[in-house]
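Chemist: These are the residues of each chain, in order.
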Amino acid sequence: MSGLFHITRATLAKDLRLEWRSKDATNGMLFFALLVVVIFSFAFEPTAEEARRIIGGLVWMAFLFASTMALNQSWARELRNQVLDGFRCSPAPANALFLGKTIGNFIFVCLLEAVVAPLFVVFFNLHALGDTLLLIPLFLLGTWALVVNGTFFAAMSLRTRTRELMLPLLLFPISVPALLAMVGATTAIFTGESSPSLPLKFLAVYDIVFTTVSLLLFETVLHAE
Amino acid sequence: MKPSLILFSLLTLGLLVWGFRQAMFVAPTEATMGDIQRIFYYHVPSAFAAFACFFVNLVASLAYLKTRSPRADALALASAQVGVVFCTIVLITGPLWARPVWGIWWTWDARLTSTLLLWLIYVSYLLLRRFSYAGAMPVLAAVLAIFGSVDTVFVYMSIRWFRTQHPQPVLAGGPGSGLAPEMLHAFFINLIAFSAFGALLVWVRYLLERQQQRVEELHAHAAVGGAR
Chain A
3 MSGLFHITRA
13 TLAKDLRLEW
23 RSKDATNGML
33 FFALLVVVIF
43 SFAFEPTAEE
53 ARRIIGGLVW
63 MAFLFASTMA
73 LNQSWARELR
83 NQVLDGFRCS
93 PAPANALFLG
103 KTIGNFIFVC
113 LLEAVVAPLF
123 VVFFNLHALG
133 DTLLLIPLFL
143 LGTWALVVNG
153 TFFAAMSLRT
163 RTRELMLPLL
173 LFPISVPALL
183 AMVGATTAIF
193 TGESSPSLPL
203 KFLAVYDIVF
213 TTVSLLLFET
223 VLHAE
Chain B
122 MKPSLILFSL
132 LTLGLLVWGF
142 RQAMFVAPTE
152 ATMGDIQRIF
162 YYHVPSAFAA
172 FACFFVNLVA
182 SLAYLKTRSP
192 RADALALASA
202 QVGVVFCTIV
212 LITGPLWARP
222 VWGIWWTWDA
232 RLTSTLLLWL
242 IYVSYLLLRR
252 FSYAGAMPVL
262 AAVLAIFGSV
272 DTVFVYMSIR
282 WFRTQHPQPV
292 LAGGPGSGLA
302 PEMLHAFFIN
312 LIAFSAFGAL
322 LVWVRYLLER
332 QQQRVEELHA
342 HAAVGGAR
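Residue numbers (our numbering), protein chains in the order written: chain A, 3 to 227; chain B, 122 to 349.
In short, the hints are calculated from the structure, not lab data.
Hints are not guaranteed to be accurate.
Below, simulated SDA-like cross-link-like pairs (lysine to any residue); rule was C-alpha separation at most 25 Å, straight line [stated by the list, open to error]:
1) B/Lys187 / A/Leu224
2) A/Lys203 / B/Lys123
3) B/Lys187 / A/Glu227
4) B/Lys187 / A/Pro93
5) A/Lys203 / B/Glu330
6) A/Lys203 / B/Arg331
7) B/Lys187 / A/Leu218
8) A/Lys203 / B/Arg232
9) A/Lys203 / B/Asp230
10) A/Lys203 / B/Trp229
11) A/Lys203 / B/Ala193
12) B/Lys187 / A/Thr214
13) B/Lys123 / B/Val274
14) B/Lys187 / A/Arg90
15) B/Lys187 / A/Leu219
16) A/Lys203 / A/Met63
17) A/Lys203 / B/Thr273
18) A/Lys16 / A/Ile105
19) B/Lys187 / B/Glu330
20) B/Lys187 / A/Pro170
21) A/Lys203 / A/Ala119
22) B/Lys187 / A/Asn97
23) B/Lys187 / A/Ala119
24) A/Lys203 / B/Ser270
25) B/Lys187 / A/Thr222
26) B/Lys123 / B/Ala193
27) A/Lys203 / B/Arg281
28) B/Lys187 / A/Leu217
29) A/Lys203 / B/Arg284
30) A/Lys203 / B/Met278
31) B/Lys187 / A/Pro95
32) B/Lys123 / B/Arg331
33) B/Lys187 / A/Ala94
34) A/Lys203 / B/Tyr277
35) B/Lys187 / A/His225
36) A/Lys16 / A/Ser92
37) B/Lys187 / A/Ala96
Selected chain A positions facing chain B (Cβ under 8 Å, derived; list incomplete) [claimed, not checked]:
38) Ile109
39) Leu113
40) Leu172
Every residue, glycine too, gets a C-beta built ideally from N, C-alpha and C.
Next comes chain B alone, as it looks inside the complex (with noise of 0.2 Å):
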């Protein structure tokens, strides 16, 4: 293992503790809300490090098709993959602290429909890579992200505009607004350490995917009957 790998899953470490520390025990208890309101240290960086996922992968996905090199397809399949899964917190998290909050578990306001709708187009993109032939998957994939991100313009769009005639509820006009500073405090630190144990993720399964790909190139070659 390289040294900085092992030196940044330290780093992580420390600030994933520290955060902890912050939103359980320093951040003051809401006053409406009460301790339930901590959840908003976890589903708000999760949500952060999910769309952070998922414009690497964007990202990514262009480069692939610029110079298809399976470097770039490694980088897309991670981070894929570790923002579906921070994806799938957000909209775990989300309910279970609507529910006993504002009495509702589920709403199709912009936000959260777009962040459903998002986890299911990255869910869609994962099949396909699952499902293709492995020659093309690659580059079918790519242009599966690509479609993807056109979208969800249009899915925010769409929803704000075409679902508001059932009544929404006030979502505390967003959690920034009116945060007390050590709550504040706690948010940043937490959000610098999803932020970095996202990267952290994304990066051990990139080495882990390069690892698969010089593998089976290497399965190939002996295939066809050469020894390199």
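Only chain A is shown next, with the shape it has when bound in the complex (with noise of 0.2 Å):
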């Protein structure tokens, strides 16, 4: 167990490291979702309480595709230099290096909404009218449902010809109910109409069950040649 923990910890920290010297992935998703923000703004010119409405549906599907952008980066980068093959050859444990890229992408996509949902506020006006303290939780249960997922079907992209198409057309279907409690929360949160407990123990649950089948699977698919 001490071998998965310093493990995942290295691979962790290379990729903070990489992704802090070159600042390929965060720069692209920011600016991507900055202009979804945008965007969405000129598409929609809802009335405040129009907005609190649809805030949930908006919020959630940029930081999907935005997300989309980062994790398929993250495994581009283990194909340079055969470093992914030599990780298949080494002992370490496979889970160690899932679990290091899903935690990476964790963070970085947890950076871009820390950015990115305030721009939202100011753009939308939008003033929540439930507990926003719930927010957290369910921007830290959402985020990880959805790299949890794209993080593994990502590393399956990458024996495929499409590689960068593959993994929105795996990842969309796959994440719709952890889609469907995001947004509702959101939109019970902002509305202050509904409860967003119910929603919140869904990620929960969600969360648990697709992280361990995907720990479970994930060497599967590390050595599926």
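Put the complex together from the two separate chains, hints included.
Modeler: In structure tokens:
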């Protein structure tokens, strides 16, 4: 188990360091998300009431699309210089690589959300009527749901011809239940009309189940040849 | 062609013909909906066949991951393809029925949306099979099938819980309720006929895929220069 922890930490540190130096994914992601916010603002001109109802869908669509950019990037890094093959030959546990990647992607997407979410508030003049503190667990759980499946499917897409296209094709259908819960919870928090506790619990269960399934199957996918 | 396959094809044909006669001519016309209700005899059996095919796909995928047998992979492919076809039929006949009867093409209720999502997941499965590199393809597809199956549970629950603020039309309380005995008779015959038809399609597709696998194996042997 200590091997798992140390290698996860090493993989995570490597990814964070590489990203900090090059800022490949974060720049692209940030600008993309900003563009999405602006385009949505042009496309929809909601009243305050309408804005509270639709913000859930807009926000999570923006983050879903932006995070696919980071997810595609994260594995592409491993293909250069046959790093992935080196890892496969080593006795290191495959789950360490998966966890390191997932946590790294999670951190990047959370940073993205921290920057972009206030922009949504500004552009749409949002004023939440419900308990805004619940937005924090919502964003954490929701982002993990997207990132854990996204990292897994990005690893699967490495072995396809249309690498970058395959990830959204695989990720979006599987993520629909989580998206429904995220949008439902966001709408509940902003409109204050219902309790976000059920969607949040649902997200937590979804996260646990799919993290488990991913950890169980990652080694199979890594060695699938 | 194996004699059992020919026999089964004839049996299936007979069942389908009988089912058609029952559905179109023998079963009485429904009081409120009229003749359009007869789509029901195709819509529900197709859904049943589709779900059965997807279940077979899940079992075949698990079997493949355990045994790495190409037969399991061939069965997984066959059942996925036939399942998608039946699911497409369900998704087309449903709106065709709903529009004249309830005035709407579509609604986001639990059953319809789950079926649509199932269709999307399995189309992505087929795309993954098409676009992956040959060596990795069966494993990746099997893993995706497992993800998809786990997901369908969440899909159904999430739609029931998080989509109910929209007004829901009453979808006849479930098509099995309150059916006249002659209609039930026609329905069950069509159910059996479509199940047999689905099984036949999967069987034939499986045989084709096994042939394809053997041909590819022979090519690979020849390429390596060995003559076995």
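Chemist: If a hint holds in the structure, say so; if it does not, say that too.
Modeler: These are the hints, each one checked on the structure:
no., hint, verdict
1, B/Lys187 / A/Leu224, "holds (16 Å)"
2, A/Lys203 / B/Lys123, "violated (54 Å)"
3, B/Lys187 / A/Glu227, "holds (15 Å)"
4, B/Lys187 / A/Pro93, "holds (22 Å)"
5, A/Lys203 / B/Glu330, "violated (44 Å)"
6, A/Lys203 / B/Arg331, "violated (45 Å)"
7, B/Lys187 / A/Leu218, "holds (13 Å)"
8, A/Lys203 / B/Arg232, "holds (22 Å)"
9, A/Lys203 / B/Asp230, "holds (21 Å)"
10, A/Lys203 / B/Trp229, "holds (22 Å)"
11, A/Lys203 / B/Ala193, "violated (37 Å)"
12, B/Lys187 / A/Thr214, "holds (19 Å)"
13, B/Lys123 / B/Val274, "violated (39 Å)"
14, B/Lys187 / A/Arg90, "holds (21 Å)"
15, B/Lys187 / A/Leu219, "holds (12 Å)"
16, A/Lys203 / A/Met63, "holds (21 Å)"
17, A/Lys203 / B/Thr273, "holds (18 Å)"
18, A/Lys16 / A/Ile105, "holds (12 Å)"
19, B/Lys187 / B/Glu330, "holds (20 Å)"
20, B/Lys187 / A/Pro170, "violated (28 Å)"
21, A/Lys203 / A/Ala119, "holds (22 Å)"
22, B/Lys187 / A/Asn97, "holds (20 Å)"
23, B/Lys187 / A/Ala119, "violated (45 Å)"
24, A/Lys203 / B/Ser270, "holds (21 Å)"
25, B/Lys187 / A/Thr222, "holds (11 Å)"
26, B/Lys123 / B/Ala193, "holds (20 Å)"
27, A/Lys203 / B/Arg281, "holds (15 Å)"
28, B/Lys187 / A/Leu217, "holds (17 Å)"
29, A/Lys203 / B/Arg284, "holds (16 Å)"
30, A/Lys203 / B/Met278, "holds (12 Å)"
31, B/Lys187 / A/Pro95, "holds (20 Å)"
32, B/Lys123 / B/Arg331, "holds (15 Å)"
33, B/Lys187 / A/Ala94, "holds (23 Å)"
34, A/Lys203 / B/Tyr277, "holds (16 Å)"
35, B/Lys187 / A/His225, "holds (14 Å)"
36, A/Lys16 / A/Ser92, "holds (17 Å)"
37, B/Lys187 / A/Ala96, "holds (19 Å)"
38, Ile109, "violated (24 Å)"
39, Leu113, "violated (27 Å)"
40, Leu172, "holds (5 Å)"
In summary, the structure is inconsistent with hints 2, 5, 6, 11, 13, 20, 23, 38, 39 from the numbered list given earlier, while agreeing with the others.
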